[in-house]
Amino acid sequence: MSEQAPLITMQLMGKNYRVPAGLTLMAAIEYAGYKLVRGAGCRGGFCGSCPTLYRREGNHRIFTALACQTLVEDGMCLVQMPFVPLITRPYDLYTITPQANTLLQHFPEIAGCVACNTCTRSCPQGLPVMDYIQASLRGDIERAALLSFDCISCGICSSRCPADIKHYAVGLLARRLYGKYITRNAPDLAERVAAIETGDFSAELDALMTLSAAELRSRYEQRTFEVAAEQEDPYSATRSYNSAMDPVDYQDELEVSG
Amino acid sequence: MTTSIRIGNGRNELLQKVEALSGQHLANCYQCGTCAAGCPFHQAMDLLPDALIQHVRLGLPGILERQTFWICAGCDTCSDRCPRGLDIARIMEALRQICLREGGDHPALTQLERADLGALPPIALVASMRRNSG
Amino acid sequence: MSIAYYPGCTIKVSAPEHELAALAVMRALGLDLHEMREWNCCGVVHSLATDNLIRHMAPVRVFARLQQQGEREVVTLCDMCFNTLARANQVARRQPEQMDAIKATSGDELNYDGSAEVLHLLQILRDRVGMAAIKARVRQPLHNLRVYPYYGCKLLRPTEVGLDDPEAPTVLGDLMAALGATVVEGNLQTRCCGAYHVVNRENLVAERVAATTAQARANGANVIVLSCPLCHFNLATRQSTPGNALPVLYYTQLMGLAFGLPPATLGLPDATALFEEALPTAQHAQAVPMCTKGER
Numbered sequence: 001m002s003e004q005a006p007l008i009t010m011q012l013m014g015k016n017y018r019v020p021a022g023l024t025l026m027a028a029i030e031y032a033g034y035k036l037v038r039g040a041g042c043r044g045g046f047c048g049s050c051p052t053l054y055r056r057e058g059n060h061r062i063f064t065a066l067a068c069q070t071l072v073e074d075g076m077c078l079v080q081m082p083f084v085p086l087i088t089r090p091y092d093l094y095t096i097t098p099q100a101n102t103l104l105q106h107f108p109e110i111a112g113c114v115a116c117n118t119c120t121r122s123c124p125q126g127l128p129v130m131d132y133i134q135a136s137l138r139g140d141i142e143r144a145a146l147l148s149f150d151c152i153s154c155g156i157c158s159s160r161c162p163a164d165i166k167h168y169a170v171g172l173l174a175r176r177l178y179g180k181y182i183t184r185n186a187p188d189l190a191e192r193v194a195a196i197e198t199g200d201f202s203a204e205l206d207a208l209m210t211l212s213a214a215e216l217r218s219r220y221e222q223r224t225f226e227v228a229a230e231q232e233d234p235y236s237a238t239r240s241y242n243s244a245m246d247p248v249d250y251q252d253e254l255e256v257s258g
Numbered sequence: 001m002t003t004s005i006r007i008g009n010g011r012n013e014l015l016q017k018v019e020a021l022s023g024q025h026l027a028n029c030y031q032c033g034t035c036a037a038g039c040p041f042h043q044a045m046d047l048l049p050d051a052l053i054q055h056v057r058l059g060l061p062g063i064l065e066r067q068t069f070w071i072c073a074g075c076d077t078c079s080d081r082c083p084r085g086l087d088i089a090r091i092m093e094a095l096r097q098i099c100l101r102e103g104g105d106h107p108a109l110t111q112l113e114r115a116d117l118g119a120l121p122p123i124a125l126v127a128s129m130r131r132n133s134g
Numbered sequence: 001m002s003i004a005y006y007p008g009c010t011i012k013v014s015a016p017e018h019e020l021a022a023l024a025v026m027r028a029l030g031l032d033l034h035e036m037r038e039w040n041c042c043g044v045v046h047s048l049a050t051d052n053l054i055r056h057m058a059p060v061r062v063f064a065r066l067q068q069q070g071e072r073e074v075v076t077l078c079d080m081c082f083n084t085l086a087r088a089n090q091v092a093r094r095q096p097e098q099m100d101a102i103k104a105t106s107g108d109e110l111n112y113d114g115s116a117e118v119l120h121l122l123q124i125l126r127d128r129v130g131m132a133a134i135k136a137r138v139r140q141p142l143h144n145l146r147v148y149p150y151y152g153c154k155l156l157r158p159t160e161v162g163l164d165d166p167e168a169p170t171v172l173g174d175l176m177a178a179l180g181a182t183v184v185e186g187n188l189q190t191r192c193c194g195a196y197h198v199v200n201r202e203n204l205v206a207e208r209v210a211a212t213t214a215q216a217r218a219n220g221a222n223v224i225v226l227s228c229p230l231c232h233f234n235l236a237t238r239q240s241t242p243g244n245a246l247p248v249l250y251y252t253q254l255m256g257l258a259f260g261l262p263p264a265t266l267g268l269p270d271a272t273a274l275f276e277e278a279l280p281t282a283q284h285a286q287a288v289p290m291c292t293k294g295e296r
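Protein chains in written order, with full-length UniProt numbering: chain F, 1 to 258; chain U, 1 to 134; chain C, 1 to 296.
Rather than coming from a laboratory, the hints here were simulated on the basis of the structure. Being a predicted model, the structure only gives us computed values, none of them experimental. Glycine included, every Cβ here is placed at the ideal spot set by N, Cα and C. Check each hint, because a few of them may be wrong.
[Stated by the list, open to error] EDC-like mimics (lysine to aspartate or glutamate), calculated; alpha carbons at most 20 Å apart, straight line:
#	chain 1	residue 1	chain 2	residue 2
1	U	K17	C	D51
2	C	K12	C	D32
3	C	K12	U	D116
4	F	K180	F	E215
5	C	K103	C	D113
6	C	K12	C	D51
7	C	K12	F	E142
8	C	K12	F	E57
9	U	K17	U	E102
[As the list claims (entries may be wrong)] Quick partial rundown of chain C residues pointing at chain F, CB under 7 Å, derived from the structure:
#	residue
10	N52
11	I54
12	R61
13	G130
Whole structure, please, built from the sequences with the hints as guidance.
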């Protein structure tokens, strides 16, 4: 490092450390000398392993973050919370069906939601968590699935909930039910799977298997998306995902790679 | 059985808590029994509402072990009819809250099987949860 | 004319027939109900403890969202939603300091001043549409129906939010009379059905349901009509006379029948014998309906 970054002070579980500005929380924790055995995973904001609680100077609130996605601030006081206890009674997706009361039946604690919105305010993904719990309570499985689509199961919502709701497990069941029972099967997909099974693409697949990692990466980076049809695709699992009611815009991700 | 009552000396802590949580002044009750007479569940209660109020006022033992305030569904018939303007449903809620805050959730909450849960409407579960958890 | 509509969870989960019928009937009367774009459970029961502020957040949030959506007035079908919202509104108006506390707790995102209004659909029907207009819309008077209107609690009590005389309500009876039905009265019409005790004190509910249905039957009723989805659940599923249960219908469903709307649009499933004698069979050849929860 030719130019030394200025040092800032942060508290890690109550103990002061001087760390360079510009580090992520995770890097700062490691800079401070800790070896992360839990609380680190993909380091890319997707795996949900590094939920972190922190306070800032001059603000009474508790803030939440993914340690790999958030930069240190001077005066910050933080702790990692790599896991939130979760016990769910097992269910068999092949025997349960998406009824209006299915989610309530498996997670009766959602009836205790007081709509305080603490979960939404704590979600590092910016999801409308309370709204998907409320959709679950009224049996709107599709909406619960779509609103929770980007959940990475970090569990912060559940750690903050006054009603002890297991939000991310509720969302997961909603998405499973949605995927299995509610989205329409696309005929194109079934045709293509059948073609693969009868060996129509064996040569192409065999060729792929021989590629090096670098070649595979290059192929992946050059992949293209099919241009969406003029009319709405009736088989799209995320067909209402970009509607005005939803806060997360998925389209930008498609445009970047397309 | 003999129960000794001390009136007017010593603090009646339960009475103070009930009054603070319910916002009701229990001395206003003149024991007419209108609440008990109109209560749709009086037969299931182990102490009628007017008697419960009296027990709280006198600081008698065992009040929090009674079932009366768990059986009250908050239908507001008594509150609406009380000639002294006492909101008795709030007194019942205060007693529930005192139990819940000191002892945790009412055991009724955890006893449901998944099959029962599937049949019940949210309105019943939400209401039950609000009345049986702190 | 269009009014914002707050369904509540149970209408969506357990009483879709009430919503179907209400929307159809209101359309027939020239009124459109549009569902709030985003809403949350009201909490079902009003928080009765002086300090339990967090339990007012749900109904307050419904009002705040209503205002964010540019509305001032909202109508609901569910008696418990109506009661909880109306009582929360009273808190907002009488104790603005409680709203300040809620606002602060919410990180300033939940802000409500008490200026919105909640109405029960029965108030719209009685006070805006009027019984005369309803009567004028009737195509098939329910002459042979003997209806026991069951009010329960939350339409009426406490008096300060109730929509009718808590001791001698008339709104459901007047409505049924306007449809041409015979109204059967009884002193248990306003007695609690046992409400949420169906969850784990079922015997209390069973006892109330037995008494109420016995009275309705003894006084000659052949159908119970009501408004509250929790009363409906209890009365429809907890009668102890399987095979011979008194049918329990929402007032909206009977309005729809009297208006001549197809039973399918009123959430009324296939025919049973009950109304074949009750409705003029000539006009209702392939009728008609009985809806008990247990069968669905």
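Hint check results:
1. K17(U) - D51(C): holds, 12 Å
2. K12(C) - D32(C): Measuring from Cα to Cα gives roughly 18 Å; hence the hint holds.
3. K12(C) - D116(U): holds, 19 Å
4. K180(F) - E215(F): Violated - the C-alpha atoms of E215(F) and K180(F) are around 34 Å apart, more than 20 Å.
5. K103(C) - D113(C): Holds, at about 10 Å.
6. K12(C) - D51(C): Answer violated: K12(C) to D51(C) is near 31 Å, above 20 Å.
7. K12(C) - E142(F): With Cα atoms ~14 Å apart, K12(C) and E142(F) stay inside 20 Å; holds.
8. K12(C) - E57(F): It is violated: about 45 Å lies between the C-alpha atoms, which goes past 20 Å.
9. K17(U) - E102(U): Holds - the C-alpha atoms of E102(U) and K17(U) are around 12 Å apart, at most 20 Å.
10. N52: violated, 10 Å
11. I54: With a closest approach of 5 Å, the I54(C) hint holds.
12. R61: holds, 5 Å
13. G130: violated, 32 Å
The structure does not agree with the numbered hints 4, 6, 8, 10, 13 stated previously, though it agrees with the rest.
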